[in-house]
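Student: From first to last, the protein sequence lines stand for chains A and B. Going by the working numbering, the first residue of the first sequence is number 5, and it counts up by one from there. Going by the working numbering, the first residue of the second sequence is number -15, and it counts up by one from there.
Please note that a few of the clues may not be correct.
Below, a list of computed lysine-lysine pairs in the DSS-like style, where the Cα atoms sit at most 25 Å apart [stated by the list, open to error]:
1) A:LYS219 - A:LYS199
2) A:LYS59 - A:LYS209
3) A:LYS209 - A:LYS219
4) A:LYS87 - B:LYS200
5) A:LYS305 - A:LYS219
6) A:LYS305 - B:LYS41
7) A:LYS209 - A:LYS199
8) B:LYS200 - A:LYS84
9) A:LYS59 - A:LYS305
The following residues of chain A were derived to be distant from chain B, with all beta-carbon distances above 12 Å [what the hints assert, rightly or not]:
10) GLY68
11) GLN104
12) ARG191
13) PRO223
14) PRO235
Since the hints were made in silico from the structure, they are not lab data. We put the CB at the ideal spot given by N, CA and C, even for glycine.
So the chains spell out like this:
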Amino acid sequence: MSDQVMTSTRFLSEGTKFECVCCGQVYFDHTGHCNHCQAPTSISRVVAERDGKPKFLCVLGASGAGKTVYLGMLLDMLTKGTKGLQGLPNNSFSVSVQQQTMNALERRRFPEKTATESDTWKWIHCEVNYRKKKDNFFDIITPDFAGEAISEELENPGQYPAVGHIIRRSQAVLVLVDSIRVRDLGRDEDFFALKLLSYLESVRKPTGKNAAKRKTDLPVAIVLTKSDACPEAMQDPAEFARHNLPGVDQYLNRHFNDYQFFAVSAVGASVSLVDAHGRTEQIPMHIEPLGIVEPFEWIIKR
Amino acid sequence: MSFLSKLKRKGNSSAEPRGKRRDSEPRTVASVCYARNLTDPDASDYEITKAWSQVEKEMVIIAEGSVGLASLSPDDLDQLDSRENSQLVHVDAFYIERLAVTNDQFQVFVDDGGYENFDLWPESVLPMVLNFVDTTGCPGPAFWANGRTPQGRSHHPVVGVSWYEAYAFARWCGKRLLNCAEWQHAATWADSGSGRHRYPWGDSFNANFANTWEAKREDTVPVDQYAEGATANGVHQMVGNVWEWTDTLFEAQTSKGLRIVTDGPMAEIRGGAYDTYFTSQATCRFRSAQAIAARHPNLGFRLCLTASDLSQPNDSYAFCDQGE
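Please construct the entire structure, taking both the sequences and the accompanying hints into account.
Tutor: Have a look at this one:
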């Protein structure tokens, strides 16, 4: 009798057992997150209850590249339905990213910067149907990473394990690069993106026969953001990258089989708001998304 | 002729804008620039009468009145639909074009040497005019080729034109751009008794009435489409299809230590376009701005005439006969 009581008590205190959808670790859920990579248990639970493997999509980029705006806009456009794609957010985090981004943009503000702490990241899980075919469903699972965390992980791999785990599981990666910074602020963006690609390649290195000679198969979309203010990028993203992101262009050519450049923008025009201390905030005057879904569409067709 | 009778005549003809004549009658300088005769002191009665008959067909009168402009102060920029801090502005009576300026109208301007006629352009921008070329380097809107209207788009609004090109076209044809108060007054004046609607047709958005992102066309449509979304007096597409340049400079404002700074001069634009994502940003009251040299695919314009500036024929019976 006393053994039975002890077992029940132990079971209750340990919670329910889950396999993390991101890192694969088996854990007892106490906090609502995987204790290794901080992926929400709710996503692991939904995926475990469903048939088929989820498809991960990873959105990476430097701090301020526009990851939250891109993900929020993409989710909202998919939810409304566009280009034969219809999305359904599968958890409250996804809706939160969508809601916060849309609320901010509609009120002429950009969403707040994503915090560096991984337990505060909002994980997006969206079920997408393509061309209204019954079995043409797939999931997008990606956290809204903080740019600083990505940067830290590139310098000290393992610091933010979710980054590596997501890349390992991803079917494709979107690397967001701020086109205005590329054009106006020298090679810094090129170097950051180069480090990111090198990290991607190290995580997804080909294995097996002739591995050293083979290129990485992971599809990579280089997405030039804020191109409303950089018409050169919008006009011909690949040509723009060739001249302004030479390191990235050459690295992709040498190490990746499948890549493409895209230019996107969400804002029609912007002004700056300057406070008494000289701090500047960009204000989007009106929103007219351009090219947001195309990189995603390209990935789906892979 | 009294103001009210003119108003009724606009209402009667509102169902028949320029649509039917577009294929049968090619545009000429005379047919596009008729308004010159209304301000030309040397114009004959016949010319004035003929010009008025064109005004009757292509424009509607907007009675004088007041309109509440949303505040563009740094504190109020994030208000979706602020009426509290709006500024009441008086607007004199004017005539507004029922339809936005089309590619085929702009073609006449290009063919007439509008880009080479430096009298039409502000002196300070003359060097810039050389850069106002199409995809093949010919003078013309940004998305044309070889100085010609893209095929099948003659009745679409002209886009890819900077504020300066809109201004030069207006001078050439004897009209002018609307200022932002006139624009808003024209979009909302018909309901002034009931409190200024958000859209020309009412307060709720309807994707069937305007070409915005919600319509999912991802392109412009001919200027006379979406007739259901026209104002009560027949002004089409005040919301959606293309943003419209206005003659109001977007001025940097300051409030409580906050100031708005722009990269260069910007002009106010109104109405939203085919790619405007939020319906709250494609309303009659929403004020936005664009760099005046911008030549975007979603930005066009429409023109107006100040009612008090226009000549009347000395023989008023001739005018009445012409209009009946």
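Student: Sort out which numbered hints this structure fails and list those numbers smallest first.
Tutor: 6 and 14
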